[in-house]
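Asker: Single-letter residue listing:
Number of protein chains: 2
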Amino acid sequence: MTDRNALDTLQRYGIHPSVQRIAIMDYLLKHCTHPTVDEVYVALGKDIPTLSKTTVYNTLRLFAEHGAAQMLTIDEKKVCFDGTVTPHAHFMCKRCGRLMDVQLPGCFQECQPVGADFIVEETHLYYKGICNSCAAKANA
Amino acid sequence: MTDRNALDTLQRYGIHPSVQRIAIMDYLLKHCTHPTVDEVYVALGKDIPTLSKTTVYNTLRLFAEHGAAQMLTIDEKKVCFDGTVTPHAHFMCKRCGRLMDVQLPGCFQECQPVGADFIVEETHLYYKGICNSCAAKANA
DNA sequence: TTATAAATTTGTATTGTTTACAATGCAAAT
DNA sequence: ATTTGCATTGTAAACAATACAAATTTATAA
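Chains G and H are the protein sequences, given in the same order. The first sequence: position 59 = 62 (this note's numbering), numbered continuously. The second sequence: position 102 = 105 (this note's numbering), numbered continuously.
Keep in mind that a hint or two might mislead.
The list treats identical chains as interchangeable, and a pair is accepted whether it falls inside one copy or across any two copies.
[What the hints assert, rightly or not] Each computed EDC-like pair below joins lysine to aspartate or glutamate, with the alpha-carbon atoms no more than 20 angstroms apart:
hint: 1; residue 1: Lys-131; residue 2: Asp-29
hint: 2; residue 1: Lys-131; residue 2: Glu-68
hint: 3; residue 1: Lys-140; residue 2: Asp-120
hint: 4; residue 1: Lys-97; residue 2: Glu-125
hint: 5; residue 1: Lys-33; residue 2: Asp-11
hint: 6; residue 1: Lys-81; residue 2: Asp-104
Worth flagging that the hints you see were computed from the coordinates, not collected in a lab. This one's a predicted model, so the numbers in the text were calculated from it and none came from an experiment.
Just need the whole structure built from these sequences, with the hints factored in.
Answerer: Below you can see the structure in the form of C-alpha cells.
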C-alpha cells in the first residue's frame, strides 16, 4: 500500500518540500485525470493567488526527474502529468481526448525489447482509439 | 515485402497524390531517422523552393490520419514522423536525443489491454534510457 | 538574534511550434 | 471557356514552454 500523502511522497523521492510543491503534489495525487500544467495552475491559483506558472512547470518537471511523477507525451498538443508511478498503461480517446489508466497486460513483465543495445530507464505503453462513451454516442 | 515507392504508398492509403505529397512521402520512406516537420521542410526546400511549411504540417498529419505514417510524440519538444507503419517499438536516448526503431518483443501480439472498455486503433510502445554509445562515452 | 548564503518562487520577455484562415493556384469535369 | 473542388501558399495569431533576473523565502552560521 503506497502512501498517497503529498509531503511523505516528496520526502520519499528526496524532494525538498515547500508550500507550492506540496500543493502541486497533493493535486496530482487527488486528481487522477492526468492534468496539464495549465490545469494545475488554474486549479491551485484559487488557493495560492501568487502562484506562478513557471513554478508549476519547474515543479512538475522536478517531480518527473525524481521519479515522483510521470510525464506523459501522448497528446501531441500538451504534456500531461500522472501522480501514479506504479507501472501501468494508458488509453487516449481520439474523439473526446480523455486520458485514462489501463492495467498492464499480464504478459508484459516478460516483454523485454529484442536485441536491445541500450539501457532502459522508462517503458511507456499506450493505446489510442475510441472510448466506450464516444462509441455509444456515435450509434445514436 | 512492402512497396516503398512513394506514389504507390499514397495510393494504397487512398491519398490523392501531388508533387508535394509524393516528395514528402518519398523523404519519409528514404530517411528512417524519424524526421520532424522542420527537417522535412528544410530538406525538401532545396528541390521545391515554393514549399510551404503549412503544407508539410498538413501533409504529415494527413498521412498519419490515413495510416500511411506514424506520428511519434515521444520527445516532448517536437513531434516526429515515421514512414514505417509495420508494428515496431522505439527507443529514445535521453542524452543524445536519438530515436531508433526497436523490434517488438515476441510475446507482444498477445499483449492486449486488460478489461478494455474501448476500441483500440493504435498501440504505442517505447523505451527511454541511455544508448550504448552515450554509455560508452560516460565511461571514458 | 542577526547576518549571510542558498534555494525557491515570481513575473516578464522571448522563443519556437503549431494552427487558422483567406487568397491563390491548379486540374479535372461540365 | 467556365465552373467546381481540392491543394497549396503565406501571413497572422494562438499557445506552450523556456530563459532570466529580481524578489522572496528558507536554511545555516556567526
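Asker: Checking Lys-97 and Glu-125: alpha-carbon separation at most 20 angstroms within a copy, between copies, both or neither?
Answerer: between (24 angstroms within a copy, 10 angstroms between copies)
Asker: Using 20 angstroms as the alpha-carbon threshold, which applies to Lys-131 and Glu-68: within, between, both, or neither?
Answerer: between (26 angstroms within a copy, 12 angstroms between copies)
Asker: Tell me, please, which holds for Lys-140 and Asp-120 at an alpha-carbon limit of 20 angstroms: within, between, both or neither?
Answerer: between (46 angstroms within a copy, 14 angstroms between copies)
Asker: When Cα atoms must be at most 20 angstroms apart, do Lys-131 and Asp-29 count as within-copy, between-copy, both, or neither?
Answerer: neither (28 angstroms within a copy, 27 angstroms between copies)
Asker: Should Lys-81 paired with Asp-104 be assigned to within, between, both, or neither, using CA atoms and 20 angstroms as the limit?
Answerer: within (17 angstroms within a copy, 24 angstroms between copies)
Asker: At most 20 angstroms between CA atoms: does that hold for Lys-33 and Asp-11 within a copy, between copies, both, or neither?
Answerer: within (14 angstroms within a copy, 51 angstroms between copies)
In summary, the structure is inconsistent with hint 1 from the numbered list given earlier, while agreeing with all the others.
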